[in-house]
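**Q** Sequence:
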Amino acid sequence: MKIRIYETDFEGNPVECTGDCFSGATPLDIVNAMKMNPFQASRTPLEFMRWMLASIGQEKFALPDNEEKTALLFLQRLTTLG
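Residues -15 to 66 (this note's numbering) are what the sequence shown spells out, left to right.
Hint data in this document are derived by calculation from the structure and do not stem from the laboratory. Where is the CB? At the ideal position from N, CA and C, for every residue including glycine. One or more of the hints may lead you astray.
[What the hints assert, rightly or not] Calculated lysine to aspartate or glutamate pairs in the EDC-like style (CA-CA distance at most 16 Å, straight line):
1) K19 x E0
2) K44 x E31
3) K(-14) x D4
4) K53 x E31
5) K19 x E51
6) K19 x E31
7) K19 x D4
[What the hints assert, rightly or not] Label-pair restraints from in silico Cβ distances:
8) P(-2) x L57: 18 to 24 Å
9) C1 x D49: 24 to 30 Å
10) G8 x T64: 15 to 21 Å
Assemble the whole structure, with the sequences as input and the hints as a guide.
**A** The following block contains the structure:
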């Protein structure tokens, strides 16, 4: 499984040929790869997903407490939003 997270312009639109690719065997593996930077590594996957959604104005998007199910919903939401 592989996902590409594009950088965005000032209107929130994806900028082609930018961003990072993340891969993993499961959605949770991808989420863990996404949070591996010095500023996010200490967060749990659930904390990271909730933080990430809040940072793009999606703080009201409900996420269950099960990390595996949540990772799939999180990635689907990111995909839906572009």
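**Q** Each hint: holds or not?
**A** Now for the hints, and whether the structure bears them out:
1. K19 x E0: Violated, at roughly 22 Å.
2. K44 x E31: 14 Å, holds
3. K(-14) x D4: With Cα atoms ~11 Å apart, K(-14) and D4 stay inside 16 Å; holds.
4. K53 x E31: 14 Å, holds
5. K19 x E51: Status holds; Cα separation ~14 Å.
6. K19 x E31: Within the cut-off at roughly 10 Å; holds.
7. K19 x D4: 12 Å, holds
8. P(-2) x L57: 18 to 24 Å: 20 Å, holds
9. C1 x D49: 24 to 30 Å: 37 Å, violated
10. G8 x T64: 15 to 21 Å: 20 Å, holds
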